[in-house]
Amino acid sequence: MSEQVRIGVRAKALLIAAGVGALVYMFMPSCALFLADEDDTLCHALAAAEGGVVQWPVDERWHTDPTGGCHVFDQVMMNPWCLSEDAQEYIGGFGIVQGHNWGDFERGDLTTYDEESAEVDAPLGRTYNGYANLVYANREGIELDRGRSLGDFEYYDTFLKWASAFVSQKTYRVNGSCSRSCQTVGSSSCAIANTVSGAFRNDYIDLYQTFYYDIDAVWRASTVVHEVRHARDQVLHSGGTGCPRGSACDRRWSKAGSNTYEMLWLAAYYWTPEDHPFITPARRARAQVLFEELRKNAFNDPVQWDLGSLALINEIPEFYVYEAACSEDPENPHRCLVLAN
Amino acid sequence: MKGLLLILVCFALGVSTLQRSESIEVPSADDGGPLMRHLDTVTSQMDPGVRSREYRESLAFLRTHAADATAEVSGLLLDQPGSFGKWQLTYLVGEFGDESAIALLRDLIDQPLPEPQPAMEGRHYIDLEYAEDVASRVQAVMSTARIAVHRPALRDQVVSELVAAAREVPLVKSTALFELRKLLGPDFPTLRGYFGPEDAKSFDPFMPPPEWQALLRRRMQEHRRQERELREKGEPVCRSK
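The listed protein sequences correspond, in order, to chains A and Z. Residues 109 to 449, numbered by my numbering, are exactly what the first sequence covers, in order. Residues 1494 to 1734, numbered by my numbering, are exactly what the second sequence covers, in order.
No lab work stands behind these hints, which were simulated from the structure alone. Heads up, a few of these hints could be off.
[Claimed, not checked] Capping the alpha-carbon separation at 25 angstroms, the derived lysine to aspartate or glutamate pairs in DMTMM-like fashion look like this:
#1 Z:K1694 with A:E431
#2 Z:K1666 with A:D409
#3 Z:K1726 with A:E262
[What the hints assert, rightly or not] Which bits of chain A does chain Z cover? Going by a derived footprint, with three or more residues having C-beta under 8 angstroms, they are:
#4 299-305
#5 310-324
#6 347-355
#7 382-393
#8 403-415
Keep in mind the model is a prediction, meaning the values are calculated, not measured. Each residue gets a CB set at the ideal place from its N, CA and C atoms; glycine is no exception.
Work out the full structure: start from the sequences and follow the hints.
As structure tokens, this is what we get:
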């Protein structure tokens, strides 16, 4: 074979390889889209609905097993809002009614449940179950007036009451989404929710499939408190990627960011009376492990205190809201010594 | 050729997806006898807990067969990656209250944590599997403490296990100290000698500054009064079936 022919063959081989590479590159987005759909089982279920009946996903991939799963806190009989239209209206008032995209999830599905397990199975219902933890952790339940000044601690005399009003007053819109927003297809590293905040009252929270189907109702509630701190208050994460939580890190507890607020709420939930009619021992234990998980994973600087330090959070919430969470005041060494990093 | 290549790429990615999406495998109630059936019941009824008749009956059975029940779930606790189901079983093992669970839970606490998935700047992804792995280890400490509540005879063994965990496993130190404080009450300060000065704050109960004390007293009185009244009314927010 002459030198010219050999060069020609090599050039052809190179051209073919380049062509194949270009084709792969060109087709990758459509392939990724195909697989992303594979991940969005909720979107699939909605698209495949026949006669308005949706087969809700049951593939909570990282949180389930055949005998239970993260939906054990979703039982109809343990979530009293299911039986009360007033309660549904009250919970809808947390910004869900104003939210976009809920039209995909028919409102009629709100109170549907799995007949065998008696668990609320629709995304909107599971969202309400999350908010139910904010509402019924208070003895007042839906009787709590959420519209008073957040400085009125004679009325909001427990952190749980204050937090319910805080969530209500600082939320504008809560949107539904059927997407599962994960790092890669099939990954366990996912976004639960995302908040966009603006200078005007146009902030909104998007809830993803992971919110409804991959985490339990107590975690859903603490996530709401977390996201709301991003919303009207516009307090964003300050810790870069400096903790195991990835890019949802706060630099330190005393920055009073979303992770601090989420922990405060979990602690308040934990420190309710043992005979609380809504907070069962399993929910209380769940709040404790979620508190510890955040304590260990969500801050760049180690948090120096523990759940015991917050034992009085439902007695004098104003101290924790205005003093403890923000204290780095060198003029007041007692608070800084005990609570700040 | 082009189509084949595309199919191959998609297939490879799809296979990796399927491999990642394996769920925790708990033997179903159909596979076994009454033990599995009762395990199934306590798992699905763990939220109402003792308010549910089925839960009470199944828990009573499992406490009678606590060693078998603990052995049945031990593989899941030690071999499976983090998941809500794993947390649930770790919680329930504490409720069964068998002595063998103390060592099992300690093995779980001692297991090295996997690395969380690397973060992507600007995307607020949370590694759920990693978070649940941490949750299960924290729960293992809490469940160890629960064994002493159900079986007072095992209290000394539980206390020494929790002290050891607090001293040796930084991840669970604060939980172990917190559980010891709950378990021992006024005797908790007797453990001070096992810990260094950096842990002093765990032994000194937090009190807000003096200017908050009067408000604190008034609120505590008011809240206890409200709780008494509600208890006397006796109307639960919700009922189990």
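Legend entry - Straight-line alpha-carbon gap Z:K1666 to A:D409, limit 25 angstroms: With a Cα-Cα distance of about 16 angstroms, the restraint between Z:K1666 and A:D409 holds, given a limit of 25 angstroms.
Legend entry - Given coverage of the stretch 299-305 of chain A by chain Z, tested with a Cβ cutoff of 8 angstroms and a minimum of 3 residues: Coverage by chain Z holds here, the residue count being 3 at a Cβ distance below 8 angstroms.
Legend entry - Coverage claim, chain Z over the stretch 403-415 of chain A, checked by counting residues with Cβ within 8 angstroms (three needed): It holds, with 7 qualifying residues against the three required.
Inset, instruction - With a C-beta cutoff of 8 angstroms, work out whether three or more residues of the stretch 382-393 of chain A approach chain Z closely enough for the coverage to hold. - result: holds (count 8)
Legend entry - Coverage criterion applied to the stretch 347-355 of chain A (partner chain Z; beta-carbon cut 8 angstroms; 3 residues): It holds: at least three residues are needed, and the stretch 347-355 of chain A offers 6 whose Cβ sits within less than 8 angstroms of chain Z.
Inset, instruction - Measure nothing beyond the straight line between the CA atoms of Z:K1694 and A:E431; if it is 25 angstroms or shorter, mark the hint as holding. - result: Holds: Z:K1694 and A:E431 sit about 19 angstroms apart, inside 25 angstroms.
Legend entry - Whether chain Z covers the stretch 310-324 of chain A (at least 3 residues having a Cβ closer than 8 angstroms to its Cβ atoms): holds (count 4)
Inset, instruction - Mind checking the alpha carbons of Z:K1726 and A:E262 for me, to see if they're no more than 25 angstroms apart? - result: Holds - the C-alpha atoms of A:E262 and Z:K1726 are around 24 angstroms apart, at most 25 angstroms.
The earlier numbered hints are all upheld by this structure, with none contradicted.
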